[in-house]
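Colleague: If you read the sequences in order, they're chains Z and A. Offset between the first sequence (1-based) and this note's numbering: plus 1351. Offset between the second sequence (1-based) and this note's numbering: plus 143.
One or more of the hints may lead you astray.
To be verified - In the BS3-like style, the derived pairs of lysine-lysine whose C-alpha atoms are separated by at most 30 Å in a straight line are: (1) A/Lys195 x Z/Lys1408; (2) A/Lys237 x Z/Lys1422; (3) A/Lys195 x A/Lys211; (4) A/Lys199 x A/Lys243; (5) A/Lys203 x Z/Lys1360; (6) A/Lys243 x A/Lys211; (7) Z/Lys1422 x A/Lys211.
Bear in mind the hints are in silico, worked out from the structure with no lab data behind them.
The lines below spell out each chain.
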Amino acid sequence: NAGVTQTPKFQVLKTGQSMTLQCAQDMNHNSMYWYRQDPGMGLRLIYYSASEGTTDKGEVPNGYNVSRLNKREFSLRLESAAPSQTSVYFCASSTDREATIYFGEGSWLTVV
Amino acid sequence: GDSVTQMEGPVTLSEEAFLTINCTYTATGYPSLFWYVQYPGEGLQLLLKATKADDKGSNKGFEATYRKETTSFHLEKGSVQVSDSAVYFCALKKAANDYKLSFGAGTTVTVRA
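Bound-form chain Z, shown alone:
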């Protein structure tokens, strides 16, 4: 009964380092999403993937890349981390765009 699983849960990076956040869902959902959560700003959509093989920019895509590896997995990559990317990152999925969105537990990223 895993739902949406994200790794790692916590990460500290130095400015300029790269890293990939991994996300997998076991609900056979078509659509997957990456959000970031910052204090006082709620959650903002970074990228989404409507279906396997497609990805689209959300509200705040700059500095990020994504890969929809297969139907289950959707990764988020920071090529050159910046302090402004310090945030909590949430992966989510849904059957389609009209369906309920299910969230993972979050990944806390600090860039120093």
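Once you've looked at the hints, dock chain A against the given chain Z.
Modeller: The following block gives chain A in isolation, referenced to the frame of chain Z:
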């Protein structure tokens, strides 16, 4: 653009108190409205939703009514419990078939025994 404004927290209540969290929105057309809840250490979960004006969403004793005339979707619960301590997010979708959820900043609620 589309946006959601919800009351700032934190909100601290005693058990069995009445809870209201205000949420207003700015959007064209007929958005769908949602309340999500985030319990400590967990991801967000959908609490309730409403997809058209005058619809009332309800779940776990919480209710919210989609008021187009006041562009509001206030969350209420008549008698809170300690287990209701969480962060509550109001959110909207521009249309039911839109991918993007626009979230409010979140309201932290703490219920004391």
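Colleague: For every hint, state whether the structure bears it out.
Modeller: Against the structure, the hints come out as follows:
no. : hint                 : in the structure
1   : A/Lys195 x Z/Lys1408 : holds, 27 Å
2   : A/Lys237 x Z/Lys1422 : holds, 26 Å
3   : A/Lys195 x A/Lys211  : holds, 9 Å
4   : A/Lys199 x A/Lys243  : holds, 22 Å
5   : A/Lys203 x Z/Lys1360 : holds, 29 Å
6   : A/Lys243 x A/Lys211  : holds, 20 Å
7   : Z/Lys1422 x A/Lys211 : violated, 38 Å
Checked against the numbered hints above, the structure breaks only hint 7 and satisfies the rest.
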